[in-house]
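Novice: Spelled out from the first residue to the last, the chains are:
There are 6 protein chains.
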Amino acid sequence: MRPSGRKLDEMRPISIDVGVTKHAEGSCMIRCGDTHVLCTATIEDRLPPFLRNSGQGWVTAEYGMLPRSTSSRMRREATAGKQGGRTVEIQRLIGRSLRAGVDRVALGERQITVDCDVIQADGGTRCASITGGWVALRLAVNKLMKAGDVITDPLISNVAAISCGIYAGQPVLDLDYPEDSEAGVDGNFIMLANGQMIETQMSAEGATYSRAQMNELLDLADKGVAELVAAQNAAVA
Amino acid sequence: MRPSGRKLDEMRPISIDVGVTKHAEGSCMIRCGDTHVLCTATIEDRLPPFLRNSGQGWVTAEYGMLPRSTSSRMRREATAGKQGGRTVEIQRLIGRSLRAGVDRVALGERQITVDCDVIQADGGTRCASITGGWVALRLAVNKLMKAGDVITDPLISNVAAISCGIYAGQPVLDLDYPEDSEAGVDGNFIMLANGQMIETQMSAEGATYSRAQMNELLDLADKGVAELVAAQNAAVA
Amino acid sequence: MRPSGRKLDEMRPISIDVGVTKHAEGSCMIRCGDTHVLCTATIEDRLPPFLRNSGQGWVTAEYGMLPRSTSSRMRREATAGKQGGRTVEIQRLIGRSLRAGVDRVALGERQITVDCDVIQADGGTRCASITGGWVALRLAVNKLMKAGDVITDPLISNVAAISCGIYAGQPVLDLDYPEDSEAGVDGNFIMLANGQMIETQMSAEGATYSRAQMNELLDLADKGVAELVAAQNAAVA
Amino acid sequence: MRPSGRKLDEMRPISIDVGVTKHAEGSCMIRCGDTHVLCTATIEDRLPPFLRNSGQGWVTAEYGMLPRSTSSRMRREATAGKQGGRTVEIQRLIGRSLRAGVDRVALGERQITVDCDVIQADGGTRCASITGGWVALRLAVNKLMKAGDVITDPLISNVAAISCGIYAGQPVLDLDYPEDSEAGVDGNFIMLANGQMIETQMSAEGATYSRAQMNELLDLADKGVAELVAAQNAAVA
Amino acid sequence: MRPSGRKLDEMRPISIDVGVTKHAEGSCMIRCGDTHVLCTATIEDRLPPFLRNSGQGWVTAEYGMLPRSTSSRMRREATAGKQGGRTVEIQRLIGRSLRAGVDRVALGERQITVDCDVIQADGGTRCASITGGWVALRLAVNKLMKAGDVITDPLISNVAAISCGIYAGQPVLDLDYPEDSEAGVDGNFIMLANGQMIETQMSAEGATYSRAQMNELLDLADKGVAELVAAQNAAVA
Amino acid sequence: MRPSGRKLDEMRPISIDVGVTKHAEGSCMIRCGDTHVLCTATIEDRLPPFLRNSGQGWVTAEYGMLPRSTSSRMRREATAGKQGGRTVEIQRLIGRSLRAGVDRVALGERQITVDCDVIQADGGTRCASITGGWVALRLAVNKLMKAGDVITDPLISNVAAISCGIYAGQPVLDLDYPEDSEAGVDGNFIMLANGQMIETQMSAEGATYSRAQMNELLDLADKGVAELVAAQNAAVA
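Protein chains in written order, with UniProt numbering: chain A, 1 to 237; chain B, 1 to 237; chain C, 1 to 237; chain D, 1 to 237; chain E, 1 to 237; chain F, 1 to 237.
A hint or two may mislead.
[Said to hold, decoys possible] Once the Cα atoms are required to be at most 30 Å apart in a straight line, the calculated DSS-like pairs of lysine-lysine come out as:
# : chain 1 : residue 1 : chain 2 : residue 2
1 : D       : 7         : D       : 223
2 : F       : 82        : B       : 82
3 : B       : 82        : D       : 82
4 : D       : 223       : F       : 146
Honestly, the hints are just simulated from the structure, not real lab data.
Here the structure is a predicted model, which is why all the values come from computation and not from measurement.
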């Protein structure tokens, strides 16, 4: 029934290649089916003004799409003169989600910026960015710990994200673009490794959803996040 | 236990005054406690390019805060040269939520822009904007129907929104600013009059939440939305 | 002869409600007929760079119009990405006018920002902003004096403003929008309580004016400003 | 008493050289003492949208200062990313003033843009721009008439502008920069050749002015404008 | 003598992988040593206004660097609100260079946009962009020809680019970043397959160069471009 | 054969008037035929951040064109909200070229900004800007030396620039606009007084060039630069 032939609760193939760029303190290319996102983590000593001398660090994120990551070419945001509303929303979500898994006191007074750049898009880029962004963050933090700059591990858990939705009347896991553009209801579910939730975004377009349907999607998300956490752990091992 | 002395499931006093500006096709001032939002609806014959000659109308929203609607003065976005990320997020949410209650074919080829301007802020401005924005939209549509420009009512249901969160370990309804700035978990719940959901946004900061906790907040939201729908109906009667 | 039926030298009804927002140090809603402007005054300890360590304070102003304060919806300046030329002109005028009534040494090293936001427009918004802006400023300064932060009253006089023009060949006081859009000559007159002038702006469109006509308008302005000063004094009493 | 040694009612030396650039339809370099402004007039067939098919033309103006036209270098507005508030105010004034001397129906459906670029500044640049801008406009219109593109002369009068102010307690004509920066009251007076006024802008800083003082400045302005009109006529003869 | 141990006239290893993204009409990842650039070509039916109905097509280019393509993180240009001067210079050069190898009449009324996004930078990104950009362009044009949309091959030659410079007193081929940041003289040489030149940019910093030295660099460039053309031909075969 | 009737190796008449504005530390109006550029040099004590406390100075440049310096009016860059790509390219080139003739340690910790504003354009504005900009720089440095603020002359050589190209199949010196818009190959050659090169930019449009042709243009450039250096020296004598 799904355009890809996948089962209702079947994820797309996941691969996470680490160390893909020589400059960043942490990096990976995450591929969730045909959605490919390059994630890098940069460690800097400077902090946003509101945190100076606070004894705490900061994790933030930026998001972008290459102009031809999509089916028809998108205008480059640098040319347009600003980041669009969708971009701003997504990068705020990535930053907020990653921070939920960080002990900022343990991190100390430094900032880690996670850049998520979509090389090829086929639905679910914000979830792939969070999942891959965490891997880049993990690798950068490992480097800090190996150098003795950080003693207590500031990462209190994996953070991973998956989308689910109601497609053709059925709850499905891990929407790809053809599903995403048709689904009347979809959501993004961001969780820790133990299944505790840190962000839930459900939205309906030309449809509504009941509590029961929401719970069906949450069940699927539990399954998906568990698989993503396993892939993250394998990648950073 | 709540700073305001309210019970856990007690809303702030709601008032909705309609017809507060002489120019707009629909308008109201909604007051949810000390949060006051002026909502106006403007009918225009032009449509965004992607809808021209589609036989469908459009409902969109813009959001702003007066510089001294807040405890310390905010920089005016017109001076800053752009709308901030939070503003963009909120106005996209308002527009999406209101459209979920609209039959855009029945509306016909016209656009209604709902402007929500926060006169005084004390938490929950986006929810007040949606709830008040619907009232302004309802009044503007009434005008179209009275003039015979629209035959079938394009509003298929009330749309209302409420925030709930976990404050001091307890689930509470309708967060005010002192609660909002302390709550580890909070959410915005946007629903139709019959309780079907159209958008759910839950987010944790320095905390996480379980499925059980989410369901407690959803129960509170059901109660809150029912009260808001009653207030909307009284206002437009 | 006037569209409103007013006499040539008759002002619109004036009302000034003070304390209309809980956050600002001073605030009022001024209503000159159907022109309604919300004015707030914000006290801050920081100063513009050119005044640091000068022993003097600063008073500045910003001006905005809500998108549907006008008969047809105006584009929000925050969306347009900048304040328009008319806005910049008006807010510079408001600031300059208010400063003319301030002893900046007595004010001490602090800045007061007066925000004037037009809720509903029907002509004369810049004059209403100055007149109402002075009330907000007066209330904020009262607060400083009551707290003992300022000893000598830095407000040396009321400041008020009125427009006059030549409509249908006759000099008229306090133009409303239908008059303003037809008048070939109009002016804004800003004065102290004693009638001394601090700014005069007369402008003709498709017409010219003689010295005699200018003096007729100045006579009307004297009358109007006296009434506005009385309303200011009543409001802050 | 004046820093320059001029008498109270003495203008700076005026020179107006015409035809100073080979591309523009009309051009002049106006020198009022050490204030030098290059004025060019450009004729184009396109019109602003609100005038298309109206049977009327348009005259507009733009103003700029070269970065080192001033005593210390100013930041280039193209680098700053926008025209400052002062620039916008001035160019709107120039355009409005010039239009007051134009019969826009006689001009026909075309636009003339007058660019006023300050090469060297020593006070009074906006007045010099209006006076020189009119000369450029006159020359461009002459060209249209000579070519038979315009039959009835659309320029109904010269337009000229002069500043006056109260310096060291005395009313003085044609303020230079040292006077302008000290004057408590100053004004710009824009008139037709016959002395009828089209714009009056008086402003006080740290001072006020009475009706009598205003009339003294207007007397000076009458004298100054008469001399400027004579210089304009000599230049275009 | 060279930091990399290369001989004076030795290029870095080149690889060009084609078809690396599923959406673009042509794409490749070019790797010149540690400089990696993703190049995509997009075919669109629209043209810039100056070419509409001209019977000719257009080839243009845009360039960007991922924030962490460099040793320390660069600010994202979309966040900065504009493309920097260096970016604008480079993308104009890429477009101009590629157009030199195109018969725009044979291409017909369509536009091909070549996006060059630097994934990892180690010197020579503009040359790699031109060389890889031509491969993406070649593949997109092949697609047009295969579909019968274009009959005569519009690509009249390969276009390739290489940098040379004087490093530690010696002329060297294909500067990497450590060389580039030390070289007193360097140049970019863009040529057709037959060695005819289409753009030469030589520049000295803290040094100068004679005609003889320029000719030495041109000899090296001839060698480098020949190798790049061979690699291009192998990639698209 | 040339539109102007000049011989192939004949320059346009050059004039350089110095001291043309009273405010700048150095200034000249350079006229190369009908191309007129006003060049000013401003000395400031502040430095760009990367040079603070480095013991070195900085020379930078900005470039602009007056809106009607060209045959049809160009949009003012301050109105457009940014400097165009061509402007940015040119001003970077001017700054880089001038710095090549400066001993920045001898200059000491100060910045000289050279502004080049095109009053009238007829081809070759960037070369005229460099040649005239050096004169303004020379005069400003003379002032510093006369005042004893700089002891060792920081200008190690004249810097001058000339364009050459292939027009109608012939190599020609000093292209004017009619030639520039037709030439298939042209170049800008920037040199010291002794003929050593500091920047070479050759570019072909719809054509290519061989090494032999490049050498012919370089021969012409040698001749042109020698004449420009003589004119510079005469002007500053």
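Novice: For which of the previously enumerated hints does the structure constitute a violation, in increasing order of number?
Specialist: 4
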